[in-house]
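Student: Residue numbers (my numbering), protein chains in the order written: chain V, 1 to 227; chain S, 1 to 262.
Fair warning: there could be bad hints in the mix.
What the hints assert, rightly or not - Below are the PhoX-like pairs computed for lysine-lysine, each with C-alpha atoms no more than 25 Å apart in a straight line: (1) V/K191 - S/K183; (2) V/K193 - S/K183; (3) S/K38 - V/K30; (4) S/K141 - V/K129; (5) V/K128 - S/K183; (6) V/K30 - V/K193.
Everything labelled a hint here was simulated from the structure, so no lab data went into it.
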Amino acid sequence: MHISDGILSAPVLTAGFIGTVAVAAYTLRKLDLDDIPKVSVITSVFFVASLIHVPIGPSSVHLILNGLVGVVLGVRAFPAILLGIILQTILFGHGGVTVIGVNTMMLGGGGLIAYAVWQLRHHFNIKKKEMIFGGLAGATGIFSSGIVLALSLVTTGEEFIATAGYTLVAHIPVMIIEALVVGACAAFLVKVKPDALAGQLPPIPLTTPAAEPIKEAPQATDEETPK
Amino acid sequence: MPLDIDRFAKLASPLQRWDPRVKLFTLGIFVFSVALLKTLPVAILAFFLAVCILRLSSLPYDFVASSVKWIIFFLLPFFIIMPLSYPGETAFKVIGLGFAWEGLQIATLIFIKAVAIILTTFSMFGTARFDVSMIALQHLKCPKILVQMLLFTYRYTFVFIEEMRRMQIAMRARGFVMKTDMKTMHVMGNFVGTLLVRSFERSERVYKAMLSKGYQGELHSMVRFQSERQDYIKSALILTAASLILALDFSGLFLPAKQAWF
Chain V
1 MHISDGILSA PVLTAGFIGT VAVAAYTLRK LDLDDIPKVS VITSVFFVAS
51 LIHVPIGPSS VHLILNGLVG VVLGVRAFPA ILLGIILQTI LFGHGGVTVI
101 GVNTMMLGGG GLIAYAVWQL RHHFNIKKKE MIFGGLAGAT GIFSSGIVLA
151 LSLVTTGEEF IATAGYTLVA HIPVMIIEAL VVGACAAFLV KVKPDALAGQ
201 LPPIPLTTPA AEPIKEAPQA TDEETPK
Chain S
1 MPLDIDRFAK LASPLQRWDP RVKLFTLGIF VFSVALLKTL PVAILAFFLA
51 VCILRLSSLP YDFVASSVKW IIFFLLPFFI IMPLSYPGET AFKVIGLGFA
101 WEGLQIATLI FIKAVAIILT TFSMFGTARF DVSMIALQHL KCPKILVQML
151 LFTYRYTFVF IEEMRRMQIA MRARGFVMKT DMKTMHVMGN FVGTLLVRSF
201 ERSERVYKAM LSKGYQGELH SMVRFQSERQ DYIKSALILT AASLILALDF
251 SGLFLPAKQA WF
């Protein structure tokens, strides 16, 4: 889901770029050195997963999964989605160079809101809460992106109001599918690899750790670079 | 859809020989000036310019067409929605909805601009190796961390596409058929989850391998750029064309697709 080139007006495009640069600068600062390869490799999975088409009756939609990016990467979802959008622009020509900002605000903002929804699960103590909140996060990701898309269309000109309405309606089936897929995925990950999920509380140790794990070898620092 | 946009980077053409830094900068400005156009005749002119630039790059027709046809498919709904939903006076009625020529004009403008920009994107990124383009972006003050992550993501996309194909074949071999039901969604959720778990483990191995090769947050490249007078002449030509179409657009010679577009 993204908006094409040539539709939005200059102020909307500029606002998209300013917003993206601001949020990206803030979230990129939160990345550690070891996050760089990790976030990139995981981003490529999301990129590949968004090529999956799920049938809806006679037609099909492709997964967007920006909610799942929020669930897995947390705040790092924003730079991950920025990467995905840039790659999509360069490789497919989907969207376009001028709308990178708006598209990132749309999907990346949705990812961040989905993460906020996902974090709410800590306040509840119910069965299958990962599945429920994963589903909610998946739906919110799409929902908030749809709102941003509609807003950017409406602020461009009043002749786009009807188009904005249609796109919002078209998002409803996508929202349901994403909710189901992300919910199932979150439930799967919590069983199989809980530390892959963002914002997991550290597990309560069953016994006091008797032996400290062997400390990792100190990583190469600036002074000791062999030349 | 071809994912390796740079597969024809080795062809010899004026665009491939162009210094990637200068090329990305110049064509980037061209793209933005096309995006700001408001009048249909100038947009058509810009479209022909974009086609000319693409012709110079000697990229094969099929390669470009296979991507562009999807974009055209996505943009087609505009031709139906815009004329039928345009506020104001309508020319005639179609199944109870007013049909406005202004709406059709806007749809055409959007379509032409979008296709022109996509064609230029091909001239920008299809004419140099992907890593060279990325390092050129870094020279153009694109954040280093972003460039590194783009290179990684691009490289591992191919790995995971292969992985996904293998998993899909395995699922089909077990008789899985996609339908619109809960079970399919559940299976797809687990499918994406499995891909994610595999990527987590792989990313840890990748990081350790990089650390053991001395990674400290810098990527060192053997790519050296060199710009000559020819590069700047090409750049000047296209920048002049870009400012000309913008000037023509603002001169008021042609009527905008809609008054007070902005």
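Student: Indicate, hint by hint, whether the structure satisfies it.
Tutor: Structure-based check of all given hints:
{"no.": "1", "hint": "V/K191 - S/K183", "verdict": "holds (18 Å)"}
{"no.": "2", "hint": "V/K193 - S/K183", "verdict": "holds (22 Å)"}
{"no.": "3", "hint": "S/K38 - V/K30", "verdict": "violated (40 Å)"}
{"no.": "4", "hint": "S/K141 - V/K129", "verdict": "violated (44 Å)"}
{"no.": "5", "hint": "V/K128 - S/K183", "verdict": "holds (17 Å)"}
{"no.": "6", "hint": "V/K30 - V/K193", "verdict": "holds (23 Å)"}
Hint violations for this structure: numbers 3, 4, all remaining hints satisfied.
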